[in-house]
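K.L.:
Going down the list, the sequences are from chains A and B. In case it helps, the working numbering puts the first sequence at residues 1 to 305. In case it helps, the working numbering puts the second sequence at residues 306 to 528.
Worth double-checking, as some hints may not be accurate.
Claimed, not checked - One-sided and incomplete, this derived list gives chain B residues near chain A with beta-carbon spacing under 8 Å:
(1) Glu369
(2) Gln373
(3) Leu434
(4) Gly439
(5) Gly441
(6) Leu461
(7) Gly464
(8) Cys466
(9) Gly472
(10) Gln485
(11) Tyr488
(12) Tyr503
(13) Pro505
Claimed, not checked - List of simulated lysine to any residue pairs, SDA-like, C-alpha gap at most 25 Å:
(14) Lys256(A) - Lys213(A)
(15) Lys473(B) - Val123(A)
(16) Lys478(B) - Arg197(A)
(17) Lys121(A) - Cys437(B)
(18) Lys493(B) - Ala177(A)
(19) Lys136(A) - Cys437(B)
(20) Lys142(A) - Ile523(B)
(21) Lys136(A) - Gly472(B)
(22) Lys200(A) - Val401(B)
(23) Lys478(B) - Lys2(A)
(24) Lys492(B) - Glu204(A)
(25) Lys121(A) - Lys312(B)
(26) Lys473(B) - Ser120(A)
(27) Lys390(B) - Met320(B)
(28) Lys473(B) - Ala228(A)
(29) Lys213(A) - Asn501(B)
(30) Lys230(A) - Lys378(B)
(31) Lys200(A) - Leu491(B)
(32) Lys121(A) - Leu491(B)
(33) Lys200(A) - Asp254(A)
(34) Lys473(B) - Phe16(A)
(35) Lys26(A) - Lys2(A)
(36) Lys473(B) - Asn122(A)
(37) Lys121(A) - Phe423(B)
(38) Lys143(A) - Asp514(B)
(39) Lys478(B) - Asn122(A)
(40) Lys233(A) - Ile476(B)
Note that these hints are calculated values from the structure, not bench results. From a predicted model like this one, the values you see are computed outputs, not experimental measurements. Cβ coordinates follow ideal geometry from the N, Cα and C atoms, glycine included.
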Amino acid sequence: MKAGSNLEKILEAGKFAVTSEIGPPKSANANVIRKKCGMLKGFVDAANITDNQTAIVRLSSIAAANILLQEGIEPVAQMTVRDRNRIAIQSDLLGAAALGVKNVLCLSGDHQVFGNHPQSKNVFDIDSMQLIRMLKDMRDEKKFECGDEMDVEPRLFLGAAANPFADPFEFRVDRLAKKIDAGVDFIQTQGIYDVPRFEKWLNEANDRGLTEKVYILGGVIPLKSAGAAKYIKNKVAGMMVPDEVIDRMKNASDAKQEGIKIAIETIEQLKNMKGVHGVHVMAIEWEEKVPEIVKESGLLPRPTA
Amino acid sequence: MIVGDRKPMDEILEMLEPYENILILGCGTCVTVCLSGGEREAAILAGQLRIWGKKEGKNLNIMEHTIQRQCEKEWVDEMRGHVEKADVVLSLACGVGVQLVAEMYEEKAIYPGLNTTFMGYPVVHGTWLENCRGCGNCVLAHTGGVCPITRCAKSLLNGPCGGSQDGKCEISKDTECAWQVIYERLKKKDQLDWMNSYQPPRDWSTAGDGGPRKSVKIEEVID
Ligand code: SF4
Ligand code: SF4
Numbered sequence: 001m002k003a004g005s006n007l008e009k010i011l012e013a014g015k016f017a018v019t020s021e022i023g024p025p026k027s028a029n030a031n032v033i034r035k036k037c038g039m040l041k042g043f044v045d046a047a048n049i050t051d052n053q054t055a056i057v058r059l060s061s062i063a064a065a066n067i068l069l070q071e072g073i074e075p076v077a078q079m080t081v082r083d084r085n086r087i088a089i090q091s092d093l094l095g096a097a098a099l100g101v102k103n104v105l106c107l108s109g110d111h112q113v114f115g116n117h118p119q120s121k122n123v124f125d126i127d128s129m130q131l132i133r134m135l136k137d138m139r140d141e142k143k144f145e146c147g148d149e150m151d152v153e154p155r156l157f158l159g160a161a162a163n164p165f166a167d168p169f170e171f172r173v174d175r176l177a178k179k180i181d182a183g184v185d186f187i188q189t190q191g192i193y194d195v196p197r198f199e200k201w202l203n204e205a206n207d208r209g210l211t212e213k214v215y216i217l218g219g220v221i222p223l224k225s226a227g228a229a230k231y232i233k234n235k236v237a238g239m240m241v242p243d244e245v246i247d248r249m250k251n252a253s254d255a256k257q258e259g260i261k262i263a264i265e266t267i268e269q270l271k272n273m274k275g276v277h278g279v280h281v282m283a284i285e286w287e288e289k290v291p292e293i294v295k296e297s298g299l300l301p302r303p304t305a
Numbered sequence: 306m307i308v309g310d311r312k313p314m315d316e317i318l319e320m321l322e323p324y325e326n327i328l329i330l331g332c333g334t335c336v337t338v339c340l341s342g343g344e345r346e347a348a349i350l351a352g353q354l355r356i357w358g359k360k361e362g363k364n365l366n367i368m369e370h371t372i373q374r375q376c377e378k379e380w381v382d383e384m385r386g387h388v389e390k391a392d393v394v395l396s397l398a399c400g401v402g403v404q405l406v407a408e409m410y411e412e413k414a415i416y417p418g419l420n421t422t423f424m425g426y427p428v429v430h431g432t433w434l435e436n437c438r439g440c441g442n443c444v445l446a447h448t449g450g451v452c453p454i455t456r457c458a459k460s461l462l463n464g465p466c467g468g469s470q471d472g473k474c475e476i477s478k479d480t481e482c483a484w485q486v487i488y489e490r491l492k493k494k495d496q497l498d499w500m501n502s503y504q505p506p507r508d509w510s511t512a513g514d515g516g517p518r519k520s521v522k523i524e525e526v527i528d
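Pulled out of the complex, with its shape left as it was, chain B reads as follows:
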């Protein structure tokens, strides 16, 4: 899923300062599951803003609404009525959702309430780990299902650097060395051949270094 963290309150207040009719817009998919931008978090933030408004002596109208997905036009279009009542929308979706809402309501002030961080899964309750960067050319088949592009701090392709020790990455004792994990997995599967042979430089053009990417499924395009 796409993981995000709520922006610091000060930053949110600075964005919302000029407005009175405020819509807090939750998203019902990834950010709901990662507990940062769903219905529950929208309600909590709305409550905090109401208290702030009172303290500041402002006459605020804080509205909350959550749609299933802010990254699909149909859902974003359906909430037109809610958006029209507001002067500003604070979207608690990932950056994708914020951008689509901004595109579909160009005349409105649309602001992000989250810092979108990464794609990952929860390792223990309340902790998510980044594990895919969407590089456009997946190598997981060779690396025992562990992504070296994302989980190795240097995105190495030819095995562990000299900083790998006791299963940890050189950057911190809290970070696993991805290549240690890969080595163990491949050893178990008796598939060390790939790791033992030279892997050439990658074509990063598929990873976003070739400019913004587009995915076209030609058979699906209606035109």
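This is chain A alone, in the form it adopts within the complex:
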């Protein structure tokens, strides 16, 4: 065991994992997080806490992760390299580990031009690849990035993102291989709507033996409306939504229900794919639907690690 987290135990046992996501509020209101915990408890193995997603200031991911621990849900603290240099990241994650956080997701982070402080200075001292390696060396070598040694290391199960829908497509499996080489333990992918493209990426990863070296959790984002589907397709960099999916959403009498149905169908497909070890259900500001999706996908009860 690298960190001994619930998520790690479930994946190590060869069970199909379920993670979800909680976006902290744009305020100091802890109750928002507690409420979302109430919705997810018992339905997921761990929940990600986003780190100022889309560069909009929100309650800190590590502070929110601590609230999850109090509520009995295992957190995956997301950490971007956009807002913190290597000094701040190492310090914050020592703190997170001391609080009992056992999973971290290493990200570049959306550029701050998208957010509510586009005038801010960006950091990008290290990139997400270097973040993985830095945390692996802290955990396995008890060494800081500079080489100095520590006595009590942060035992963290290390995650990263992979986006089979971004370009250049040919490099996407190479990039996965690099993340594995850097020391990643699990991957959560970008939201999957274009299943054939995802499979193409996965097959190559399977052929290269990569899915035996890392756990892959397929990303699923339920759609709320045809408009949302179009927005994701046209406006969100690095995402793909096929026209069939948009048409299904358009023609549905109950678009929200259709969105849930598509999500469940995608999970069913993912469950049967070699090299997929779990799902990551991102129901942003729609967390109350996660139990239904998980239940209808036949993923209950969640195993006790």
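Here the structure of chain A is known, so what remains is to put chain B with the ligands in place on it, guided by the hints.
P.N.:
Chain B with the ligands in isolation, oriented as in the chain A frame:
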């Protein structure tokens, strides 16, 4: 070259408001080529200021002068006569030139007429692209001659982020994804090895994060 843009007129007028003898000082090198601070732009600005002066009923004496380089002491020293006649110098050089002029004429009011933007080259006539940040440790040998520090919006070193799509950067459909360009160049040259192997964190101390930098060529130092 060093690229700059003329400051907005309002800001220039605010700086010059208290003065009557005004020297507009052009620079004959980078900012001439990027069409923002050379002889021609100094003449245009001087003309605009004369009209403004008349409108405001001011008795202004607007002088123009352009030297080859405002970033070298010899040139800056040679124009002493022009500077002495003025109460204020509006330098149309980059920030480097403005600073040297300010240093050599400490008693004078020396103001910047440009916003110095970046180091770059023209991609099409009238459009310049930033492509070097002077990071002090050049990686172009490995990246097919495309700078990831400058041209990737996140200065990534290990390849494209998840926001790269259709050759564009996630920040805007008008911005190329540098890593897409790097990938294609390296593929053509059959040099993808570097991109496919882990690149460790950079030492940013050479990039200015270690404090202001100095370059000393010891053999050239006369002391
Ligand atoms: S790597 Fe550094 S020196 Fe080379 S082009 Fe980029 S910023 Fe300039
Ligand atoms: S899209 Fe390309 S250029 Fe833009 S931040 Fe990502 S890797 Fe860098």
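K.L.:
If a hint holds in the structure, say so; if it does not, say that too.
P.N.:
Now for the hints, and whether the structure bears them out:
| no. | hint | in the structure |
| --- | --- | --- |
| 1 | Glu369 | violated, 35 Å |
| 2 | Gln373 | violated, 35 Å |
| 3 | Leu434 | violated, 18 Å |
| 4 | Gly439 | violated, 17 Å |
| 5 | Gly441 | violated, 15 Å |
| 6 | Leu461 | holds, 5 Å |
| 7 | Gly464 | holds, 5 Å |
| 8 | Cys466 | holds, 5 Å |
| 9 | Gly472 | holds, 7 Å |
| 10 | Gln485 | holds, 6 Å |
| 11 | Tyr488 | holds, 5 Å |
| 12 | Tyr503 | holds, 6 Å |
| 13 | Pro505 | holds, 7 Å |
| 14 | Lys256(A) - Lys213(A) | violated, 37 Å |
| 15 | Lys473(B) - Val123(A) | holds, 21 Å |
| 16 | Lys478(B) - Arg197(A) | holds, 23 Å |
| 17 | Lys121(A) - Cys437(B) | holds, 18 Å |
| 18 | Lys493(B) - Ala177(A) | holds, 21 Å |
| 19 | Lys136(A) - Cys437(B) | violated, 32 Å |
| 20 | Lys142(A) - Ile523(B) | violated, 41 Å |
| 21 | Lys136(A) - Gly472(B) | violated, 32 Å |
| 22 | Lys200(A) - Val401(B) | violated, 53 Å |
| 23 | Lys478(B) - Lys2(A) | violated, 41 Å |
| 24 | Lys492(B) - Glu204(A) | holds, 19 Å |
| 25 | Lys121(A) - Lys312(B) | holds, 22 Å |
| 26 | Lys473(B) - Ser120(A) | holds, 22 Å |
| 27 | Lys390(B) - Met320(B) | holds, 18 Å |
| 28 | Lys473(B) - Ala228(A) | holds, 22 Å |
| 29 | Lys213(A) - Asn501(B) | holds, 17 Å |
| 30 | Lys230(A) - Lys378(B) | violated, 59 Å |
| 31 | Lys200(A) - Leu491(B) | holds, 23 Å |
| 32 | Lys121(A) - Leu491(B) | violated, 31 Å |
| 33 | Lys200(A) - Asp254(A) | violated, 31 Å |
| 34 | Lys473(B) - Phe16(A) | violated, 36 Å |
| 35 | Lys26(A) - Lys2(A) | violated, 33 Å |
| 36 | Lys473(B) - Asn122(A) | holds, 20 Å |
| 37 | Lys121(A) - Phe423(B) | holds, 16 Å |
| 38 | Lys143(A) - Asp514(B) | holds, 23 Å |
| 39 | Lys478(B) - Asn122(A) | holds, 20 Å |
| 40 | Lys233(A) - Ile476(B) | holds, 16 Å |
When the structure is compared with the earlier hints, violations turn up for hints 1, 2, 3, 4, 5, 14, 19, 20, 21, 22, 23, 30, 32, 33, 34 and 35 and for no others.
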